[in-house]
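K.L.:
Listed below are the residues making up each chain.
There are 2 protein chains.
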Amino acid sequence: MYSYPESLELLVEQLRKLPSIGRKSAQRLALHIVEMNDEKINNLIQSLEDVKNKIHSCEICGNLTEDDICDVCKDENRDKSIICVVEDVTNLLTLERLETFRGRYHVLDGLISPSGNMMPDEIGVDKFIGRVKKENVKEIIFAISPTVEGETTMLFLKELMKDLDIKITRIASGIPVGGNLEYYDDITLSKAMKERINLLG
Amino acid sequence: MYSYPESLELLVEQLRKLPSIGRKSAQRLALHIVEMNDEKINNLIQSLEDVKNKIHSCEICGNLTEDDICDVCKDENRDKSIICVVEDVTNLLTLERLETFRGRYHVLDGLISPSGNMMPDEIGVDKFIGRVKKENVKEIIFAISPTVEGETTMLFLKELMKDLDIKITRIASGIPVGGNLEYYDDITLSKAMKERINLLG
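So the protein sequences, as listed, match chains Y and F. Going by the working numbering, the first sequence wraps up at 201, each residue one higher than the last. Going by the working numbering, the second sequence wraps up at 201, each residue one higher than the last.
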């Protein structure tokens, strides 16, 4: 069977490794890239080089930055006594979009996996606990997905901090706004019932 | 509002220019790329460089190739007297996947647009007619989408070839296999009726 020229096939293979890009999408992207003029391809290549060379993790919180310290940690107007713990940078950016949280963040290197694929030392637990002890932190908010891995991670970190005299909270789990009760699973419903809010204050 | 580091934002912008990649997909891809190790990013960059430097159009048919002449045109087992005209390389590859057509191709640079955005000289009409006259062609098959632009292009090319003593055909239009009549438009149905096939030969 006739196939793509070798270099085009290799590009398709590279693109397929990206998240949610299947074979067909990769082919369409590769054919589009072939049709791009040199200047546009060069811009794309330059962007990849720049990201590779300039972007790294913030020394304090693990957010992405081109400097030693990220814009959030640099911002003197933000409350240093509250740290919001997230599982990755994507979730940090999602929360920042809300423009409601004015504390600082701590980005873990993923979540502890009870099945043993991710151990506590792999997600940067020591660095986090070290930071909490060093800084004058009053509250830790876990903004971590309520999955098995998320719950395990929260439980593990909570145990390590229980003697530190810090308020430890987690974002609420329950029925999403606009959601219909009948479509949600028993665990979500049970949690929503148990963590019900007193409407009279 | 807090935003991405500059180089990451630029990469998101570059990725957004690719087909069917929206802002959210571009962000997810960019964050994935940031997390990739240097070797993987380098492989991606190298693939882009290779495609940019090595891939160009076949001198005969316009297919993509790393050589002067593409693998289809080089293949001595293919019938040189039949040329299948397609609107782009994607459609050539789609037809090759079928492994039924054993002639050669001619890839146009798009289709004539009656609204004036694409004129006949922009889609390489002269090159095509020149080729047809030079080679000993017996049949031209239009495998072109039955859109307004496609019909215009076929009509235009047919007029230019009408005195050349060449059989000129087009792929059938009608109801797709597995399709239900009620879901197709009047023009498709009319065409399917008009171009009905005699089952008794």
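Honestly, the hints are just simulated from the structure, not real lab data. Errors might be hidden in some of the hints.
As the list makes no split between identical chains, a pair holds if one copy fits it or if it spans any two.
As the list claims (entries may be wrong) - Cut-off 27 Å, straight-line C-alpha distance, at most; resulting in silico cross-link-like pairs (BS3-like, lysine-lysine):
1) Lys158 with Lys138
2) Lys24 with Lys40
3) Lys52 with Lys17
4) Lys54 with Lys24
5) Lys127 with Lys191
K.L.:
With reference to the structure, classify each hint as holding or not holding.
P.N.:
Status of each hint after checking the structure:
Within a single copy, Lys158 and Lys138 get their C-alpha atoms as close as 14 Å, which meets the 27 Å cut-off; across copies the closest is 79 Å, which misses it. Taking the closest pair of Cα atoms, Lys24 and Lys40 come within 27 Å of each other both inside a single copy (22 Å) and across two copies (21 Å). Taking CA atoms no more than 27 Å apart as the test, Lys52 paired with Lys17 passes in both settings, with 17 Å inside one copy and 20 Å between copies. In this homomeric assembly, Lys54 and Lys24 come within 27 Å of each other (Cα to Cα) only across copies, at 22 Å, whereas the closest approach inside a single copy is 32 Å.
In this assembly of identical chains, Lys127 and Lys191 lie within 27 Å of each other by CA distance neither inside one copy nor across copies; the values are 31 Å within and 70 Å between.
The structure shown violates just one earlier hint, number 5.
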